[in-house]
Amino acid sequence: MLKLTEKLCNLFGPSSYEDLVREAIIEEISPYCEKLYTDKVGNLIAFKKGKKSVEKPMVFSAHMDEVGVMIQYISDDGYLYFDTIGGVNNSVLGARRLIIGDNKILGVIASKAVHMQKREERGKCIPVEEMYIDIGCTTKEDAEKYVSVGDLATFVPNFEEFGDGFVKSKAIDDRFGCAVLCQMIKEDRELDTVFVFTVCEETGCRGALSAAFALNADKAVIIESTTAGDMPGISEARRACCVGKGAVLSVMDGGTIYDRDFFEKAVSIAEENDVKYQVKTTVCGGNEARSYQTTGNGCKVLAISAPVRYIHSASCVAKTSDFDEVLSLARLIADNIKEI
Amino acid sequence: MYETIKRYTSAFSVSGREKYLANLICEELKPYTDSIKVDAMGNVIAFKKGKSSAKKLMIASHMDEIGFIVTAIDDNGYVRVSNVGGINPIYSSYQTVKFENGTKGVTVIDTSVKKDYKVKDLVIDIGASSKKEAMKKVAVGDLCAPVANLTRLMGKRIAAKALDDRLGCAIASVSCKNAKTPAYDTYYVFTVQEEVGLRGSLPAAFGIMPDYSIAIDVTATGDTVGAKAMEVKLGNGAAIKLMDSSVICSQFMVDSMVNCAKRNGIKYQLEILEGGGTDTRSMQVTGSGSHAGCISIPTRYIHSPVETIDLKDAEACEKLLTTLVTEGIE
Amino acid sequence: MELFKRAKTITEICAVSGREHVAFEELKERFGHMFDEIFTTPTGSFVGIRRCGKPNAKSILFDAHLDEIGFMVKKICDGGFLKVSGIGGTDTKVLSAAEVWIHGKEKIAGVFASTPPHLRESDDNEKLFLNDMYIDTGMSKEYLEENTPIGTVVTYKTTTEKLLNGHIVGKSMDDKISMCTILEAFDLLDGEDLNVDIIAQFSGGEEIGYIGATTAAFKAAPDYAVAIDVTNSYIPEAPIRKMGNKLGGGGVISYSGTTSRPFTKHFIEVLNKENIPHQIVGEPGRTGTNAHVLQIARDGIPTALISVPLKNMHTQAETATLGDLENIAKALAALAKSL
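For the record, the sequence lines run as chains A, B and C.
The numbers in the first sequence follow my numbering, run straight up by one, and end at 342.
The numbers in the second sequence follow my numbering, run straight up by one, and end at 1048.
The numbers in the third sequence follow my numbering, run straight up by one, and end at 334.
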């Protein structure tokens, strides 16, 4: 699964441009599922027959898109001004390299040199609206040969094994989730299951809305990546979750209060099977559980996440053992829960 | 060691007026050196011939301490001063100070200033009731510093003024006596005017043109209340400097010191000081440059009248220095 | 060697101020054959001399600094995190989530920890300084204590790549691309009949106070010197008086109160005669380069300063153009021939 995670992380796929990720997933899973189609908004939906059929199969969902930036204006000097697509904090953008648009042009986000900063500017991160990308063009005319307004850009692919059992990459959120779903599709399942690879999570959990409406499921499990704040300078109480402590189960986040029964069932399955898990300790962030929960007839939702540090930056850091725990728990839930 | 520290901290030696301490050191070390002289700036240069004259080693510790210089005397007899070296007005207020001629006074802060004290808010009351009376004892340009005040704490630690860098001088002085035959031609240099910008060591180094150089000075510790992240602790041994704001020590010297300490079972710790400079820099950059390093003595509350050190650390520093001098730099 | 390849090779060398000696072997191996004599100094400078073969020949020294900004480990924290001190003027606002190499006994990768926005207490534009930052290594504290003790050097982890139109991006272009221009000039002068010895000085410690140039020039004792450094070129948010200094316009020659005006004039005349593109700026003060210390080494060395226009200085995304490098190499070669 790590190889596949690497492959998926390194693909270009900011929200609304998930095509490359979707193609790679189709290639990966098409031999292993009974029905596979792309819906009107771009979500990829796969039906997997289990040993036993069930009336209302459980849905597993992960999003294909990643955060990035969109080009908004090309200046007379050939610089590209942009806004973020998804929540990218300005502090992780300065001096970063980006791959831009269909032509895959390399660019860097410019950063006024420390020598030219006034004292009060030192250490202060530039607001996104004042940042611009340098691609090596000096006129608007020249830049327009390579890039257009509306082009999307993401961080340069940089997946790498790191430290003692860690990985570092852009877009772990949520290509990791996609890799878990792919792995589950490749294996034999006990029960019928539906897998959804969604679009545009980072721009408001939008893809999941359409999928949830069409599928009208009653149980959905979101496989996500969630912010780990286990670093010095953040108090224990605010760490949310810790890398290396296993799969993260959420009780409540910024968008959802999770189904209590489903949560408790997941906890007892984890306990019985020695799956390492932790419960997210802060109410923050949010994911497409909220879309599934409130669309159509509504649905019981559960989120299983991998703890990831520096999420939404060019260098997210996660531990591979957590990936394994998430996969184990997802498998057990898929194969053992018929009704809640 | 303790006696030497006591003697050296008692001498008057504000930057620019180091002659009393210089004389004391000259007298003391004369029997242990091949030659000893005071150069044009006032640096004491004590030379010991080595087994080999192929290389030259320079050791620097500075004799001067921070203090005040009189800028004016007001009508009520208060003495107005400016700082000599890096004075922190809080550290230096409400102290007894002594002038070169023995006149004593106390430092007080202008009571109308409530916060953000500056040196200009410090005045010295020498007990005079008028300008005329004050001027009998003190003139513009006179220097003063806190009175000697050595206190032993729990037997093993010492609090005193000017351990920066009398302690360095004491260590170098003891080492000069202990190092029977140095490996190379060795110059123990007691420098002037370090506190005002590493001024004395520069010409001293130029005259010597050392291949290797070692400064002996104090460093801050990370174990005071509210300290910034810093690994140095009082009592953890001689501190081998990696970097301060004036210098990045030569890797070669750092390695030599670490190996020497390991070989001889001398307790040591590595030091990065953010802020503060040492004579290491001027020795590193003089002429075509030298391999420069620094042995630091962990010291709390630097530039206050209660600089606090552990005698064991000072002894470790001395042992490390003496061993480097006699065994040579590898 | 092709220019981009040479620029990439040189800029990817990691040589933080005060620890430049780690690069000496590699420099010797790659470029040693270009010189007749080589010496290195305790302050991190690598100097190569090519003799012209004429008796009592004068000499001209080309200086570019070998050192780069970086960090030094100052504390090892629980959970595999390191705290570092800056070496040289690091730009802390671009460090959040930046990748680094930690040059321990074993070289390992690290990432500057970045507090996630939704866990942050203050607003987005809070300032970032090293005192509040940590490097995540993914390793155990025990491993770090053994492998990356206090004093271990840390550099940006990145590669040098091409942008469009001959622009290149990478770390430590400041000032390794200037080393590149000197080597190119030596190539151009290969086999030429010169009246002067030419000296390539790759000096250490520029970012921590010009210490390598001061000391190496004292030893090399040349008759003329040219410092080659980088200069912040015009960007939209720069003051208007910077507008005369642009990427792609050729080397930027400074008139300065701290260098030799007659020698600078001579340099410019040579370039005008040879039609070599260049730009001229006025920098009254110390120029922030080795030029001002070369000028006052020993009994004084007439010194000129030419700089490579650069953007994003002191970040891992320093940007320059290959055309400027070529023009500066030509300029240096023409100057050597003119003496």
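Note that these hints are calculated values from the structure, not bench results.
Among these hints, one or two may not hold up.
Claimed, not checked - List of simulated lysine to aspartate or glutamate pairs, DMTMM-like, C-alpha gap at most 20 Å:
{"hint": "1", "chain 1": "C", "residue 1": "K152", "chain 2": "A", "residue 2": "D166"}
{"hint": "2", "chain 1": "C", "residue 1": "K136", "chain 2": "A", "residue 2": "E131"}
{"hint": "3", "chain 1": "C", "residue 1": "K237", "chain 2": "A", "residue 2": "E123"}
{"hint": "4", "chain 1": "A", "residue 1": "K302", "chain 2": "A", "residue 2": "E146"}
{"hint": "5", "chain 1": "B", "residue 1": "K951", "chain 2": "B", "residue 2": "E992"}
{"hint": "6", "chain 1": "C", "residue 1": "K157", "chain 2": "A", "residue 2": "D337"}
{"hint": "7", "chain 1": "B", "residue 1": "K985", "chain 2": "C", "residue 2": "E140"}
{"hint": "8", "chain 1": "C", "residue 1": "K102", "chain 2": "C", "residue 2": "E(-3)"}
{"hint": "9", "chain 1": "B", "residue 1": "K895", "chain 2": "B", "residue 2": "E992"}
{"hint": "10", "chain 1": "C", "residue 1": "K0", "chain 2": "C", "residue 2": "E278"}
{"hint": "11", "chain 1": "A", "residue 1": "K9", "chain 2": "A", "residue 2": "D21"}
{"hint": "12", "chain 1": "C", "residue 1": "K152", "chain 2": "A", "residue 2": "E163"}
{"hint": "13", "chain 1": "C", "residue 1": "K122", "chain 2": "A", "residue 2": "D144"}
{"hint": "14", "chain 1": "C", "residue 1": "K102", "chain 2": "C", "residue 2": "D127"}
{"hint": "15", "chain 1": "C", "residue 1": "K152", "chain 2": "A", "residue 2": "E162"}
{"hint": "16", "chain 1": "C", "residue 1": "K100", "chain 2": "A", "residue 2": "E163"}
{"hint": "17", "chain 1": "C", "residue 1": "K100", "chain 2": "A", "residue 2": "D79"}
{"hint": "18", "chain 1": "A", "residue 1": "K106", "chain 2": "C", "residue 2": "E156"}
{"hint": "19", "chain 1": "B", "residue 1": "K767", "chain 2": "B", "residue 2": "D752"}
{"hint": "20", "chain 1": "B", "residue 1": "K946", "chain 2": "C", "residue 2": "D218"}
{"hint": "21", "chain 1": "C", "residue 1": "K260", "chain 2": "C", "residue 2": "E232"}
{"hint": "22", "chain 1": "A", "residue 1": "K340", "chain 2": "A", "residue 2": "D194"}
{"hint": "23", "chain 1": "B", "residue 1": "K980", "chain 2": "C", "residue 2": "E140"}
{"hint": "24", "chain 1": "A", "residue 1": "K247", "chain 2": "C", "residue 2": "E187"}
{"hint": "25", "chain 1": "A", "residue 1": "K126", "chain 2": "C", "residue 2": "E232"}
{"hint": "26", "chain 1": "C", "residue 1": "K136", "chain 2": "A", "residue 2": "D144"}
{"hint": "27", "chain 1": "A", "residue 1": "K120", "chain 2": "C", "residue 2": "E(-3)"}
{"hint": "28", "chain 1": "B", "residue 1": "K951", "chain 2": "C", "residue 2": "E140"}
{"hint": "29", "chain 1": "C", "residue 1": "K214", "chain 2": "B", "residue 2": "E1045"}
{"hint": "30", "chain 1": "C", "residue 1": "K70", "chain 2": "B", "residue 2": "D941"}
{"hint": "31", "chain 1": "C", "residue 1": "K241", "chain 2": "A", "residue 2": "D194"}
{"hint": "32", "chain 1": "A", "residue 1": "K142", "chain 2": "C", "residue 2": "E141"}
{"hint": "33", "chain 1": "A", "residue 1": "K106", "chain 2": "A", "residue 2": "E238"}
{"hint": "34", "chain 1": "C", "residue 1": "K102", "chain 2": "A", "residue 2": "E238"}
{"hint": "35", "chain 1": "C", "residue 1": "K100", "chain 2": "C", "residue 2": "D127"}
{"hint": "36", "chain 1": "C", "residue 1": "K157", "chain 2": "A", "residue 2": "D144"}
{"hint": "37", "chain 1": "C", "residue 1": "K157", "chain 2": "A", "residue 2": "D166"}
Claimed, not checked - According to the in silico footprint, chain C covers these stretches of chain A (three or more CB under 8 Å from chain C):
{"hint": "38", "segment": "32 to 44"}
{"hint": "39", "segment": "136 to 146"}
{"hint": "40", "segment": "166 to 174"}
In this text, a Cβ means the ideal position worked out from N, Cα and C, and glycines have one as well.
Structure-based check of all given hints:
1. C/K152 x A/D166: holds, 18 Å
2. C/K136 x A/E131: violated, 40 Å
3. C/K237 x A/E123: holds, 19 Å
4. A/K302 x A/E146: violated, 48 Å
5. B/K951 x B/E992: Roughly 15 Å between the alpha carbons, so the hint for B/K951 and B/E992 holds.
6. C/K157 x A/D337: violated, 50 Å
7. B/K985 x C/E140: holds, 17 Å
8. C/K102 x C/E(-3): Not satisfied, since the Cα-Cα distance of roughly 29 Å exceeds 20 Å.
9. B/K895 x B/E992: violated, 33 Å
10. C/K0 x C/E278: violated, 32 Å
11. A/K9 x A/D21: holds, 14 Å
12. C/K152 x A/E163: At roughly 14 Å apart (the allowed maximum being 20 Å), A/E163 and C/K152 satisfy the hint.
13. C/K122 x A/D144: It is violated: about 36 Å lies between the C-alpha atoms, which goes past 20 Å.
14. C/K102 x C/D127: It is violated: about 24 Å lies between the C-alpha atoms, which goes past 20 Å.
15. C/K152 x A/E162: With a Cα-Cα distance of about 13 Å, the restraint between C/K152 and A/E162 holds, given a limit of 20 Å.
16. C/K100 x A/E163: holds, 19 Å
17. C/K100 x A/D79: violated, 46 Å
18. A/K106 x C/E156: The given pair, whose Cα atoms are some 14 Å apart, holds under the 20 Å limit.
19. B/K767 x B/D752: Given that 20 Å is the threshold and the Cα spacing comes to 6 Å, the pair holds.
20. B/K946 x C/D218: violated, 47 Å
21. C/K260 x C/E232: It is violated: about 31 Å lies between the C-alpha atoms, which goes past 20 Å.
22. A/K340 x A/D194: holds, 10 Å
23. B/K980 x C/E140: Cα-Cα ~17 Å, so holds.
24. A/K247 x C/E187: violated, 67 Å
25. A/K126 x C/E232: holds, 15 Å
26. C/K136 x A/D144: Not satisfied, since the Cα-Cα distance of roughly 51 Å exceeds 20 Å.
27. A/K120 x C/E(-3): violated, 39 Å
28. B/K951 x C/E140: Holds: B/K951 and C/E140 sit about 17 Å apart, inside 20 Å.
29. C/K214 x B/E1045: violated, 29 Å
30. C/K70 x B/D941: holds, 13 Å
31. C/K241 x A/D194: Roughly 64 Å separates the two Cα atoms, so the pair is violated.
32. A/K142 x C/E141: violated, 53 Å
33. A/K106 x A/E238: violated, 41 Å
34. C/K102 x A/E238: violated, 31 Å
35. C/K100 x C/D127: violated, 26 Å
36. C/K157 x A/D144: Holds: C/K157 and A/D144 sit about 16 Å apart, inside 20 Å.
37. C/K157 x A/D166: It is violated: about 33 Å lies between the C-alpha atoms, which goes past 20 Å.
38. 32 to 44: violated (count 0)
39. 136 to 146: Since three or more residues must qualify, the claim that chain C covers the segment 136 to 146 of chain A holds, with 6 doing so at under 8 Å.
40. 166 to 174: holds (count 4)
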